[in-house]
Structures are given as structure tokens and as C-alpha cells.
Amino acid sequence: MNFEEIKKQAIVQWKAMQQSKNTRILIGMGTCGRAAGADDILDVLNRELAQQHIQADILPVGCIGLCYAEPLIEVIKPGMPSVFYGNLTPELIPEIIKDYLVNGNPRSDLALGIRGEGMLEGITNLFDLPVLKPQVRISLRNCGNIDPENIKHYIANGGYEGLAKALRMEPQEVIDEMKKSGLRGRGGAGFPTGAKWQFCHDAPGDIKYVICNADEGDPGAFMDRALLESDPHAVLEGMLIGAYGIGASEGYIYIRAEYPLAIQRLRTAIRQMEECGLIGDDIMGSGFRFHIKIKEGAGVFVCGEETALMASIEGSRGMPRSRPPFPAQSGLWGKPTSINNVETWSNVSAILAKGAEWYAGYGTEKSKGTKNFSLAGKIVRTGLIEVPMGITLREIVYDIGGGIPEGKRLKAVQTGGPSGGFIPERLIDLPVDYESLAQAGSIMGSGGMIVIDEDTCMVDITKFFLTFTQSESCGKCIPCRWGTKQMLDILEDIANGRGRPGDIELLQELAESVKDGSLCGLGQTAPNPVLTGIRYFRDEYEEHIVEKRCAALHCKALISYYILPDKCEGCMICARNCPVQAIEGGKRMVHVIDQDKCTKCGICLSLCPPKFNAIAKVSGEPVGVPEKPVPVTVEV
Amino acid sequence: MTNPSVVQGVQALPQEQEGTSEERLNEILSSYEGRGDELIPILQQVQQVFGYLPEPAMKKIAKFLKLPESTVFGVGTFYAQFKLVPTGRNVIKVCRGTACHVRGSEQILGEVEKQLGISAGETTPDLEYSLETIACFGSCALAPVVVTNGKVHGRMAAPKVRKMLKKEAH
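Taken in order, these protein sequences are the chains called A and L. Residues 337 to 972 (our numbering) make up the first sequence, in order. Residues -2 to 167 (our numbering) make up the second sequence, in order.
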């Protein structure tokens, strides 16, 4: 069967599914959905549908990005609009089935929104919700919409059209199209994709490689996992297009072993491509030859750096080397190689299908198109989002993300993971593009976006990132190996109340040296959290060093717990549960914490009954308490 | 980086599998061609079967791939995924990613350590539990996350730890 026939068949099957007399229920079964309990929901669905004798097709799909509302289902009753239900519990499933599928009441109180055409009273359109309205879905176009394990679904929705188009063009025309689109590397550095391909195309050599970098190692980032789990073909099609443009006949996907579901779906996808003649020695009858291998990473962050990644594919320790030569000249096994990130590849397939001009219509002058972010941390609506470049942080945090939970104050937004920096609340109107983020001292990064509120201590969170980069430093070059360790030591001193005047300046000096002197991106960017932390939150560092105070009440060495004598009722709960017996006091006696014994675990605070609320957690300000237990004063 | 000094006392393939372990290793190797770039996939498969990288197995892999033993050992100690000592029957992984950190994973790790009586990176003496931390599990929206034997527990809290561990023991 040739591609046109496969496509026809796929469209017929897709339409038949849309017009089926059976109710269709789509269930989000990505890693996030499963972690939130989608497996239980699926069990209950199957059981209830059988009990009510309802014929329904259940379709496991990927992630639509509304992680905050997981587990999610989409119910499509014949002749009715499709309705999303979120935050499900197994108890709610029988209600939805009985009320909606049996009795025709769509339960607007439980519905999240409607997708597509049609209206139901009391339920808004899903894409009119504040969380989705500002989003533009290019890279994530099929996520949550199709069965990621069925290539026909992808093809019926325009899949492999971009490849078909590319194969009718000259390789150079494909590269030119990429240049025109303005697409820049979505792994974080933002190097123009078309230019990268051109270098690789122009490099002499018969054997060339393309690599998909799916070693998503930034703590706090899950965009690539969700994309690969939800729409693997979008990425694979992009790789084929790139390989055709460059002149490569072999490709590798380097993916972290921590993503078993994504690996499984990629393997399934590649098998189905083989069956459809979309991978092999004569793709789409064009004579274009391409094969893909999957290489599982083994848990090392630096392997996301391109030269380290290639060393790892070759079977060695994943240590970076100096550039030049760049991979485009001398990459995998010394051959010209183009390494692009998962998200970049998924944009490539969309660009070829819909045209460079269409793509360049989104975004800003220098940052075209859209960017995926995993929005997490202290935010109401966590999720996977895709937004046009140039959107402000305010729109992301407040419109899409719904602001900060529990009425807390926003402190900073962290982009770029351990390689990025903090953007303080006062720069909330900063547009999100490569240049603006760099100017603010951070980076676009691969798309991790962590929201930080007033309860987070900036010294602690910087220490957190440095702990990570220091332990992930491969040790090859001295600035990174020792510089990250020294910075971490100083940060630990500051957090532990041993900070000295001059530490801030020393940190800055070290940070600049590590930035300038390190061999690869890991070391060159590791100082970013330190530098932006000091640039925007210097007062917090000074507070820790000079006043030995942690205003966020996080750094253990700088906080104390006290039992307030006017509130303690002598119930003994805290005293009985203190793991180090640091609380003295008997029944109806005001309890007292022995500050020398206290390990500041906070158990007393979490156990003190809210009606007493007698435990105070403070930093830098002693609280007046008796030295020994005294009787509780009887209220008159 | 993995501490190479932890490879003490592991001289033979695991006792309970003696006799069959040699065959299992041969079976794994027979599906490879003997090229250097197969080293990491082979180590991954050996670890999947044996639960860790036994020293005799690494020696045999070196011979099979015609690589110096130091290279195999070097790769085995470089990657965080590889273990040179046996792991427990239940593997508890506490995510220490950024989103989990700002949502209190430090306290959760502390609680798991307290409950199991071991620190991160250690295994209980009865080989019942191993405790690991992972840099990021990629389920940040459900932070904080703990993974027990491959099952993801989202929105964890320190008081839920005891119940979670109890469930895993059986």
C-alpha cells in the first residue's frame, strides 16, 4: 500500500470513529494521568459501563496538558458535544455514567469544558477557559487528541504530510524552508535550526547522522516526556524531514531511561512506521533511506550536552569535549551530525506541513513560533503549556496558571532549570523570548518554569540548584568541578548561619570565573542561579549573613520553634511526639522547648491542634517564654 | 557520581542464581555483536536481570567487547543508573526535582529515611528496601512525587509515607 492509500484508509477509519453510534470516552493515560490515578478511573469506567450495559469505546490518549485537573476524561456521546471532566475520583465515574450517559444530564457541575462544536447549558468551551485561551498548539497539536499508539490517528490528522511535501522538494529547499520559518533550537540555546542543518548539509562526508535529544534532564521539566508519550510521530516525522534535508540515512533518539512509557511508545511508533513504509530503504517510494535507533540514557545530566551525548551513544563515559569541531562537522563517530531537541523536531513536521510563513506569523521578530513550558511549583494550575513567543510572564502565571495558591505572594519565576536564573516578581511583564530572558540573566532553557512564592528561601533554592549541578559535574574541567563545589560550600555556610561579610562578592567572583572558564554548557550556565539570586535578592543573602535571619523560615539553622505560654493548654500532644524529647511539660502545664535539643523538624508545629495554635516558628526574633514549664493560666 | 569504593565483597555472581547466572549472562551477550557502542545497552540489560552489575559479569563483558576492564568499570561507575551492589526487593525513589523541592520533598525524603532507617543511596540489611533519589521524574505537576517499584505516587505528604511503604512490603 502506498502512502496515499494508507492516508485514505486512515481518514475513513477516523471518520467512522467520529460518527460511531457508540459513546467514546478518551482517558488521559500519560505518566501524569497515571500518577494521578487514571488506572483506577479506567477500571471503574469498564466496570460501570458493563454494569449499565452501555456500548462505549474507551480510547487511552496522551496528555492535553491540564495536569492540575488529572485524572481527566473526555466523553463523546453520539450527537452531543464532547465534554471534559477533570479532577475525577473513582466515586464520580458511576455518577457521570448514570446521569449523563443514561439520563442525559451532562452534569455541568463536574464538567471542565466542551471541545469542538456544540453547546451545553452551563458548560463553557474548553479553549475559552483562561488556562487554554492564550495558548497556541503547534508542537502539542495532537496531544490528548489521538491515540499515540495508532499511527493511523496521526496520519488522519495530517501526519506525514510534511514529510510527503519535503520529499517532493530538493534537500536545500527543505533547509531554506526551515531558515524562513525562523525556528530556533528548543533545547534552550536557541541556535537557528536552519543554519545548523546547513552546516551539516555542507560538511563533506557520505555518512551523516541526525539525533533527537530526548535526555530531558532539567529537574522541573517534563515537556518532552509528555510530547513523546502523547504524539511520538510528530517528533519522528520531524527527524525524517531533517535527515532528508541534511542527507543523513541514520538517526538516533537518545532518551532517558527514566521515561519508560515514552520509550515504549517510540518503539511502537517506529514499528508502525516500518509497516507503513515510512521508515526503511525506500520511504514513500522516493528512494530516501532512513533508519532510527533508540539509545537509552543512563541517568547523567551532562549527557544532554551534545558532545557528551554523542560520547554516550558511542558507549563511553558521557563527558563533553571542547568545540570546535562542532558536531555539524565532526559528530557521532567523527561524522557530520545534527542534534536537535524533541520539541524542535515536532515543530519541524508542523512547519513543513503548513509552511514557514504560517509558522513565522507567531512570536516576535527574533523568536518565532511557540514554546512549550512545564509550569509547576507554587501555582494553582500546573501543566504543560504551549504559548506564542513574546507572551508575558504575567499572562503565563496569572491567566494560564491561575496565580499563586493560598493567597501567597509571587516571589520569582525560575526558567531554564539549573542552567537558568530567577526572574523577580517586579519583572513580571517581561516578554518570554530568547533575548529578553537572557537580558534578565536567565535563559529560555528547554522549558522548565517553576513558580516560587514567599515561602521559598532564595538562598536555599540556589543551594538546591548548585547541589544538583555540583553532583552532575562530570569532573573533566577544573572550573566546573571545583567552582561549583566552592560555590555550594559558601551557600551552605550562608544557609547554616556561618556566612561572613564578603561571601556575596566571593560568590560573584567565583560565578563569573566558572561561567567563563568551563568547558561545556553545564559549567558555563551553572552560576546563573547564583548570579540572578544575588542580582535580584541580595537583601535576602545579606539577611542570612548579617542578621542570621531567614525570612522565608526555611533554613533550619536560622529558625527556632517556641511554645507560646498564653496559648498552650498543656495537652501534651507535641511533647509525646517530639522525636528527640526536646519538649518539657506535663498535663495543664505550659510546655517549653529545649532549644539545644531541638532538631527543628517541625513535627510539634504540624501536630499542635489548630484551636490552640500555640507553636511559633520564627527566625532572628526571640520569643519570650518561661524557662521551665509553668501551670496553664485559667481563663476567667 | 557513583562512589567506586562501594564495590567490596562482590566477587561472584549472585549466590541464589549460581549455575544459571552464567547461562543468563551468555544469553544476554548472544544477542549482541560485540561492538563497543553496545556496552551501555549490555550493562543496562545485565542490571535489569541481576538487579546490579556483578563484578564477574563486568569482566566477562569486557572480554566480550574486547575492551579493557577499566573501561567497563569506568562506564559502570560514571552513569548514575548503574549499581555495583545488589538493590533491595522494593525500590523507593524520592524525586528531588525543583517542583518537588519547593513543594517539600526534603521532608518526604527525611520521613522515608526515618521509616526505613537508611539514607538515600542505601539498602536495608535484609535487602527488603533500597532508597534512591532521582533528579527529576518529570511528573512535576503532581509534585512532590515518590516512585515505589515503578508506581508513581503524586501529591505526596510526609504523613502518607508510612502507609505507602506498608503497601509496598507485600
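These aren't lab readings, by the way, just hints derived from the structure by calculation. In this text, all values refer to a predicted model and were calculated from it rather than measured experimentally. Check before you lean on any hint, since a few could be wrong.
Here are the simulated lysine-lysine pairs, DSS-like style, with alpha carbons at most 25 Å apart [what the hints assert, rightly or not]:
{"id": "1", "chain 1": "A", "residue 1": "964", "chain 2": "A", "residue 2": "947"}
{"id": "2", "chain 1": "L", "residue 1": "63", "chain 2": "A", "residue 2": "629"}
{"id": "3", "chain 1": "A", "residue 1": "892", "chain 2": "A", "residue 2": "923"}
{"id": "4", "chain 1": "L", "residue 1": "60", "chain 2": "L", "residue 2": "80"}
{"id": "5", "chain 1": "A", "residue 1": "936", "chain 2": "L", "residue 2": "60"}
{"id": "6", "chain 1": "A", "residue 1": "671", "chain 2": "L", "residue 2": "157"}
{"id": "7", "chain 1": "L", "residue 1": "111", "chain 2": "A", "residue 2": "933"}
{"id": "8", "chain 1": "A", "residue 1": "953", "chain 2": "L", "residue 2": "111"}
{"id": "9", "chain 1": "A", "residue 1": "892", "chain 2": "L", "residue 2": "157"}
{"id": "10", "chain 1": "A", "residue 1": "812", "chain 2": "L", "residue 2": "160"}
{"id": "11", "chain 1": "A", "residue 1": "892", "chain 2": "L", "residue 2": "111"}
{"id": "12", "chain 1": "L", "residue 1": "111", "chain 2": "A", "residue 2": "936"}
{"id": "13", "chain 1": "A", "residue 1": "953", "chain 2": "L", "residue 2": "80"}
{"id": "14", "chain 1": "A", "residue 1": "923", "chain 2": "A", "residue 2": "903"}
{"id": "15", "chain 1": "L", "residue 1": "80", "chain 2": "A", "residue 2": "936"}
{"id": "16", "chain 1": "A", "residue 1": "892", "chain 2": "A", "residue 2": "851"}
{"id": "17", "chain 1": "L", "residue 1": "80", "chain 2": "A", "residue 2": "947"}
Okay, the hints, checked on the actual structure:
1. About 23 Å separates the Cα atoms of residue 964 of chain A and residue 947 of chain A, which keeps this hinted pair within 25 Å; it holds.
2. At most 25 Å may separate the alpha-carbon atoms for a hinted pair to count; residue 63 of chain L and residue 629 of chain A meet this at roughly 23 Å.
3. About 29 Å separates the Cα atoms of residue 892 of chain A and residue 923 of chain A, which puts this hinted pair outside 25 Å; it is violated.
4. About 20 Å separates the Cα atoms of residue 60 of chain L and residue 80 of chain L, which keeps this hinted pair within 25 Å; it holds.
5. Restraint check for residue 936 of chain A and residue 60 of chain L: the C-alpha separation of about 53 Å exceeds 25 Å, so the hint is violated.
6. Distance restraint check for residue 671 of chain A and residue 157 of chain L: the Cα-Cα separation of roughly 52 Å exceeds the 25 Å cut-off, and the hinted pair is therefore not satisfied.
7. Proximity of residue 111 of chain L to residue 933 of chain A is assessed by CA-CA distance (about 18 Å); at most 25 Å being required, the pair is judged to hold.
8. For a cut-off of 25 Å, the pair hint linking residue 953 of chain A to residue 111 of chain L stands: about 23 Å separates their Cα positions.
9. Among the hinted pairs, residue 892 of chain A with residue 157 of chain L is consistent with the structure: their alpha-carbon atoms are about 23 Å apart, no more than 25 Å.
10. A threshold of 25 Å between alpha carbons decides the hint, and for residue 812 of chain A with residue 160 of chain L the separation of about 43 Å lies outside it, so the pair is violated.
11. Between residue 892 of chain A and residue 111 of chain L the CA atoms are separated by roughly 18 Å; this keeps the pair inside 25 Å, and the hint holds.
12. Among the hinted pairs, residue 111 of chain L with residue 936 of chain A is consistent with the structure: their alpha-carbon atoms are about 15 Å apart, no more than 25 Å.
13. A hinted pair counts as satisfied when its Cα atoms are at most 25 Å apart, and residue 953 of chain A with residue 80 of chain L does not qualify at roughly 41 Å.
14. With a C-alpha separation of about 14 Å, the suggested pairing of residue 923 of chain A with residue 903 of chain A holds against the 25 Å cut-off.
15. In summary, the hint linking residue 80 of chain L to residue 936 of chain A is not supported, as the alpha carbons are separated by about 34 Å, beyond the 25 Å threshold.
16. Under the criterion of a C-alpha separation no larger than 25 Å, the hint pairing residue 892 of chain A with residue 851 of chain A is inconsistent with the structure, at around 30 Å.
17. Proposed proximity of residue 80 of chain L and residue 947 of chain A is contradicted: the alpha carbons are some 49 Å apart, above 25 Å.
Of the numbered hints given earlier, the model fails hints 3, 5, 6, 10, 13, 15, 16, 17; all others are met.
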